[in-house]
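Q: Take a look at the letters that make up each chain.
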Amino acid sequence: EAGVAQSPRYKIIEKRQSVAFWCNPISGHATLYWYQQILGQGPKLLIQFQNNGVVDDSQLPKDRFSAERLKGVDSTLKIQPAKLEDSAVYLCASTYIQGGTDTQYFGPGTRLTVL
Amino acid sequence: SQQGEEDPQALSIQEGENATMNCSYKTSINNLQWYRQNSGRGLVHLILIRSNEREKHSGRLRVTLDTSKKSSSLLITASRAADTASYFCATDSWGKLQFGAGTQVVVTP
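Respectively, the protein sequence lines represent chains X and U.
Counted from 1, the first sequence has number 58 at position 58 by the numbering used here; the numbering is strictly sequential.
Counted from 1, the second sequence has number 94 at position 94 by the numbering used here; the numbering is strictly sequential.
Derived by calculation from the structure, the hints in this document are not laboratory data.
Cβ atoms here follow ideal geometry from the backbone N, Cα and C, with glycine treated the same way.
Do not rely on the hints blindly, as some may be mistaken.
To list a few chain X residues with every Cβ distance to chain U over 10 Å, as calculated [claimed, not checked]:
#1 4
#2 15
#3 66
#4 81
#5 105
Lysine-lysine pairs mimicking DSSO-like chemistry, simulated, CA-CA at most 30 Å apart [said to hold, decoys possible]:
#6 X:78 - X:44
#7 X:71 - U:96
#8 U:70 - U:96
#9 X:62 - X:44
#10 X:44 - U:70
#11 U:96 - X:62
#12 X:71 - X:44
#13 U:26 - X:62
#14 X:11 - U:96
#15 U:26 - U:70
#16 U:69 - U:96
#17 U:56 - U:26
#18 X:44 - X:83
#19 X:83 - U:96
#20 X:44 - X:11
#21 X:11 - X:71
#22 U:96 - X:44
#23 U:26 - X:44
#24 X:62 - X:11
#25 X:83 - X:15
#26 X:44 - U:56
#27 X:78 - U:56
#28 X:78 - U:96
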């Protein structure tokens, strides 16, 4: 079974530029999550999708971050414009069970450096 | 804010020794999960313990949960160099995970 795929693996941009990350969850997984992990900290949930609908985006900085999950499969996370403090690893995870308790399967992450 | 707090922040042991790390949290939970993260990689799920369970085993891993004290511990027995990683506890409240800052474990041969 293929795992959660993310691209790119690394991205370096200058502040005020825009950037987009892509995630392909495990086939059949209804719930998809985006996390931000700053160096030395645990992952922080940014947004949770169930199929193509948003379940929780309370911690997403909506003035600069946006995310979508068209057709309930792949998802993209965008930052525009980027700030220095956005430097982090962005992790995508997915689960099979909708809205309940289940193991989350994580992708390898995208390491973003904002200069 | 982060729900779980791991202790210690860092742990250095030799191969064959046991490693114990603790997690404390603040609010009620459905379950608590432990994840491992190798340098530069994504997180790997290790074990899930439900709020009505007190102890769970998986291979060389032993997890305990004390809901009255809002704390959990992860024990890795007979550690190996390959166990070198960061370990995170995550509290689960209705499918929403909140992670602690992690314990960085180094196992030297």
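Q: If a hint holds in the structure, say so; if it doesn't, say that too.
A: For each hint, the structure was consulted:
The beta carbon of residue 4 of chain X is not kept farther than 10 Å from every beta carbon of chain U, the shortest such distance being approximately 7 Å. Separation of residue 15 of chain X from chain U is adequate, the least Cβ-Cβ distance of about 24 Å exceeding the 10 Å criterion. For residue 66 of chain X, the non-interface assignment is confirmed: its Cβ lies about 20 Å from the closest Cβ of chain U, beyond the 10 Å cut-off. With a least CB separation of 26 Å from chain U, residue 81 of chain X remains clear of the 10 Å interface cut-off, as annotated.
Not every Cβ of chain U is farther than 10 Å from the Cβ of residue 105 of chain X; the closest lies at roughly 7 Å, contradicting the non-interface assignment. At most 30 Å may separate the alpha-carbon atoms for a hinted pair to count; residue 78 of chain X and residue 44 of chain X meet this at roughly 16 Å. Restraint check for residue 71 of chain X and residue 96 of chain U: the C-alpha separation of about 22 Å stays at or below 30 Å, so the hint holds. Distance check on the hinted pair: residue 70 of chain U and residue 96 of chain U sit about 17 Å apart at the alpha-carbon level, within 30 Å; holds.
A hinted pair counts as satisfied when its Cα atoms are at most 30 Å apart, and residue 62 of chain X with residue 44 of chain X qualifies at roughly 15 Å. A hinted pair counts as satisfied when its Cα atoms are at most 30 Å apart, and residue 44 of chain X with residue 70 of chain U qualifies at roughly 20 Å. Distance check on the hinted pair: residue 96 of chain U and residue 62 of chain X sit about 19 Å apart at the alpha-carbon level, within 30 Å; holds. A C-alpha spacing of about 25 Å is found between residue 71 of chain X and residue 44 of chain X, which places the hinted pair at or below 30 Å, so the restraint holds.
For a cut-off of 30 Å, the pair hint linking residue 26 of chain U to residue 62 of chain X stands: about 27 Å separates their Cα positions. Taking the CA atoms of residue 11 of chain X and residue 96 of chain U, the gap is near 28 Å; set against the 30 Å cutoff, the hint holds. Straight-line distance between C-alpha atoms of residue 26 of chain U and residue 70 of chain U comes to about 7 Å, which keeps the hinted pair within the 30 Å bound. Of the supplied pair hints, the one linking residue 69 of chain U and residue 96 of chain U holds, its CA atoms being roughly 21 Å apart against a limit of 30 Å.
Restraint check: the Cα-Cα separation between residue 56 of chain U and residue 26 of chain U comes to about 21 Å, which is no more than 30 Å; the hinted pair holds. Between residue 44 of chain X and residue 83 of chain X the alpha-carbon distance is near 17 Å, which keeps this suggested pair within the 30 Å criterion. For a cut-off of 30 Å, the pair hint linking residue 83 of chain X to residue 96 of chain U stands: about 27 Å separates their Cα positions. Between residue 44 of chain X and residue 11 of chain X the CA atoms are separated by roughly 20 Å; this keeps the pair inside 30 Å, and the hint holds.
As the CA atoms of residue 11 of chain X and residue 71 of chain X are separated by approximately 26 Å, the hinted pair is consistent with the 30 Å bound. For the suggested pair residue 96 of chain U and residue 44 of chain X, the alpha carbons sit about 11 Å apart, so the restraint of at most 30 Å is met. Restraint check for residue 26 of chain U and residue 44 of chain X: the C-alpha separation of about 16 Å stays at or below 30 Å, so the hint holds. For the hint linking residue 62 of chain X to residue 11 of chain X, the alpha-carbon distance of about 21 Å falls within 30 Å, and the restraint holds.
For the suggested pair residue 83 of chain X and residue 15 of chain X, the alpha carbons sit about 5 Å apart, so the restraint of at most 30 Å is met. Proximity of residue 44 of chain X to residue 56 of chain U is assessed by CA-CA distance (about 26 Å); at most 30 Å being required, the pair is judged to hold. Between residue 78 of chain X and residue 56 of chain U the alpha-carbon distance is near 40 Å, which puts this suggested pair outside the 30 Å criterion. Only pairs whose Cα atoms come within 30 Å are accepted, and residue 78 of chain X paired with residue 96 of chain U is accepted, the gap being roughly 22 Å.
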